[in-house]
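Colleague: If you want the building blocks of each chain, they are given just below.
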Amino acid sequence: MAFLPGDAAVSLVGRNATEEQLKQVREDLGLEQPVWAQYGQWLEGAVRGDLGNSMINRQPVTAQLNGRLAPSMSLIVGATLIATTLGVAIGILGAQRGRIGRVIDSGSIGGLAVPDFWLGLVLIVLFAVHLGWFPPTGYVRWNEGVGPWMRSVALPIATLSVPATAILARQTREAMSTALSKEYVRTLRAAGIGECSILFRHGLRNAAIPVVTVVGLVFIGSLGGTVAVESVFAIPGLGSTAVHATATRDLPLIQGVVVYFTLIVIVVNLLVDLAYRYLDPRLQSATATDGAFANSGAAP
Amino acid sequence: MTVERGRTTGLVGESGAGKSTLAKVVLGLVPVVEGTVGFDGAEISGLPAVRRRALGARLQAVYQDPLSSLNPSYSVFWSLAEPLRARGISDRSEIAARVGATLEAVGIESDSRDRRPHEFSGGQLQRICIARAIITSPELVILDEAVSALDLSVQAQILNLLRDLQAQRSLSYLFISHDIAVVRHCCHDVTVLYQGQVMEAGDTVEVTDSPAHPYTHALLQASPVANPVAQRKRQLPAPTVAAPVPTGRSSGCVYAPRCPFAVPECHRRRPQLREIAAGRTVACHRYPEWTEGSTTSRVAYTPAQRL
Amino acid sequence: MGAAAFVFLLALVAVGALAEHIAPYPLGKQDLQNVLSGPSRTHWLGSDVLGRDLLSQLLYGIGPSLVATFEALVVFLVIGTTFGIVAGYKVGAVDAAISRVVELVQSIPAIIIILVVLGVFPSSVLAAMVALGVLASAGLVRVVRGSTLSVREELFVIAARVSGVGPARIMRTHVLRRILGPMLAQASVFAGLTLVVQAALSYLGLLSSSAHPTWGGMIGDASRVLSRSTWPLFPPGAAISLTVLAFGALGDALRDLVADRAVTATRRTVQPATAAPVDGADAPAPPASDALLEVRDLSVVHAGAAGPVSLVTDVSLSIYQRETVALVGESGCGKSLTALAVLGLLPPGLRASARHLHFDGARLDPGVQDTYRAVRGRDIGYVSQHALASLDPTHTVGSHLREVIRRHEPMSRRAAAIRGVELLEQVKFAEPEQVMVVYPHELSGGMAQRANIALAIAGRPKLLIADEPTTALDVTLQAEILALLRHLKNSTELGILLITHDWGVVADMADRVVVMYAGEVVEQADTDMAFTHPRFPYTLALMSANPSTADHGSKLPTVAGRVPPPGSWPVGCRFADRCPHETDECSAGKLALEVADTGSLTRCVRAGSLLAAGALPR
Ligand code: SF4
Ligand code: SF4
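Protein chains in written order, with my numbering: chain B, 1 to 300; chain L, 1001 to 1307; chain U, 2001 to 2618.
None of these hints come from the bench; they were simulated from the model.
Every clue listed holds true.
Using 25 Å as the maximum straight-line C-alpha spacing, the simulated DSS-like pairs for lysine-lysine come out as follows:
no.	chain 1	residue 1	chain 2	residue 2
1	U	K2489	U	K2462
2	L	K1024	U	K2090
3	U	K2489	L	K1233
Here are the in silico distance ranges between beta carbons for each label pair:
no.	chain 1	residue 1	chain 2	residue 2	range
4	L	S1112	U	D2256	23 to 33 Å
5	L	G1016	B	A89	37 to 47 Å
6	U	R2363	B	V122	55 to 65 Å
7	L	D1209	U	Q2434	37 to 47 Å
8	B	G194	U	A2415	13 to 23 Å
Just so you have them, the derived chain U footprint on chain B, three or more residues with Cβ under 8 Å:
no.	region
9	198 to 211
10	234 to 245
No residue lacks a Cβ here, since even glycine has one placed at the ideal position from N, Cα and C.
Start from the sequences, fold in the hints, and give me the full structure.
Modeller: Next up, the structure:
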């Protein structure tokens, strides 16, 4: 570990500690062993579901992180839900008329350019400092009261929703425009089908296929967003834990967060895949019927 | 199949017949799985990449879509010079002279050579593609559906151009098309392909006037003639589309599932290509039997009377 | 937009480089008299809790930020381009391996990996930026790979390979040129991202906390004094947002710039339409009104930037019950637009107007969608060229049919399903029940076209408009579909408007022929007459240019040139510049359709004299 300019031992015993003390702590933490050995041990544990102990407070990483899961998931799921509802609605509207479409496009560019942590601070200034509607920071667990819980997560969710909504609105608009410019829309109109059915039964149904992918991306994006946003709002979640662990060089804890993030990503991708399969018949039958009629020639 | 020197050989068949794959094999774009390709007496199918590339000057191709055959970012001059540069010709004045002469040969004014592809019409673009194909004075040009996407009046212009170029430069053409009427008009010989297999081959007029294979017959009968009186006589009733045919490799005749003359023998054994007259081959167990068959009235291809 | 962004970014670089010379206060200068002041004469953007000038701090923050961005960009471009090209060009196992890694990297939020890196290399901006560059390059790999792959398949690259051009040269001349645009666009957007990440990391206090100010660090400072003053939050936030926005806009502009060169193909220069005099008396007297469809002087106009351009001019035609009328012409002559205009289904940007448009006695107005509501699907069915694209891929054939059936005849789902099976039987499917439950992609082209025809006749229409219904099909399938249409016409009294460019199809199907040229009807005749006694030189020229009727190996008689594009149509006869018989008479003014000796209608003023001279068949 010589190449490291400083390590957790320093954070633990402080910069003024004697060389003796440091050596002792390092031995305790296993930092004296070569890197690959440390990593091998960690990996071995990880497979068994044991992510090791935090270097700072010596608590098992899994126990610490399990407690942080709920706040993070509240934010991410909340933001994804709101962004999906709003974004899809705005996107559909935008696909209808030219002018609104342009407003949405520029709005979404703006929504993506604003850094999320700064946006969070601005929301705090506006809704907590000036208006006093929401608490500026902190998290209330939902079993301590649903109302306070909602108030405590409202601003962080709003912060995460802004870029997510921007992305979804833009992508939905594009997907809808693409779907509505397809030839089958003309065929359906020619067959007398009404605009309402064309918009929802056919347009949205087809647009949903690419949009579902984007919902998955937005979810994962919000996951990354928690790192800064939880720190801004002092929410004890995975993201803020990762920041804290980085600052104190608590490698097992950061690695633990990475594992948790990875697991969440895997689950989300799985769900997206399932939704995809449900929405796109071309994927269902690829294995099922093998294109029953596609290859047949015609009768002589 | 063979393409004779100085002649046009047609390759006709529907989608999935393997026409374009064959073109790619000849051009060395896809590897040969089985069999060989010979060119000017030498085998070229197994050549290493560098030696194969050297053949580029003698073997060229023109495709269906002229607009995407030319890089939109470069001028016509650049696209025409590319095959010359690949030959190692770098003398600017020589390149300019040859580009100018070739453009003229295909009927494009050489002062428009600095324009980009999108400034030309489809017919002009196809002329430019032909120019690129002949600029290295090749011996064989593969025309892969080269006139299929063109409007009738432009198509006629291009067919005439190809005809003139062949006469002037003793070119050989491999003319790939799905349109048997065009093939009949402009090819000396024809090979009929179905699902990657040769059904019959021979002199174009003979093959189209008296097809020896049921598939050729069906193809001819299905292509409508631009003569209402003749065409009305050729109309068939609307058939019912039956259950899909399993497309596994059968050991019999590939056309058997659609062939009205199929007998059990056809499903069991694949017919070999056999010679039925000088230069005329067919792969059908029931030739010439089926041509006298009474199951379907046999309507020969009746080219419409001249107007 | 792009230019403005570029200028802004250039200015930013300049200001960053010259920060020491132009900043109003030296680095770290504290003014404890003016702590947390708002914008004032002494501090244009106010000051922070230590009285440091915010404007100066902003300016000092630019330099290091851009250096870090540059580091990340280099890593991003080198890794992204190299692996992208390798994956796109090598295909196979190498490609699969690279793609797998890319997927993996892209699925985990980059920020958390950067935190791990910062855990190992504390406060190292370089480490963070290299990590970001590596992680984000996965996206670039994907884009570059995609472009490379698609260029490889382009015909012009294949043509180059056929000509013996080597791979290295193809890479240089064709591939690099194509991927440059997307690459630059990605790089620009990525540059914006590096700024946001830097700011976030500084804000979180994870980057070096030296005295040198950073934009993110300024936000961090501001966040600790929010209860005393909120102002210091805004200048750095706005600076970051604006810069990121500029990078985004630049990226968009770069992409468009490079893409544009290739796409301009469709944007041919169109000149304004020549204002043709509307001559009410020009068409012959309207026929008896028992026609199913009657169109008089239908025009379609494109409202372009350079004034309206006429695409279809004064088309008149009528179709009777149980009659097939073929609308023939070469591409770009306006035949499909005519059909769509009749149905009121023109694409956006095109406007139609007609002096007289009646279906079965009811008036249709191309400008008013409501007038079509009762007609589409119920009275007029429509079949297009693209059989598969005409069906919604997310619905089964049965679902399509049920929806259309119930739209026109209220009935239960079950009854609609039974009727659907009937319709599929009508279009000669041997196993209609099976076809009901399949999705469009499971059908072959010919079968899909049958399904489309079933859909078109579901509302029991009296007229079917079929736009090149067999053009995309193999010739044996074409024969089947044409036979099916004939069968339907005979069994259901259907009138058919058949749009085609194929004279063989015309000969097979049509009772009457309407020939269009350059947006106009030039000839209208009974089918046999049209073939044997054409009365317009263009029709005659097309007949003789048809290889299916020419002698084997003969030179085809051709007309030089091509159909003039919309906007450059000549006054008078639009065929004039290609016609071998053209005289001054032809270009004198707008020509009317006249009745010829055969009873056909022709727009050729010289038809009579040409006939006498033997230039038209007697
Ligand atoms: S071999 Fe049999 S199935 Fe094949 S084409 Fe001849 S008759 Fe038909
Ligand atoms: S009007 Fe004149 S230019 Fe036009 S077709 Fe007749 S003769 Fe030719």
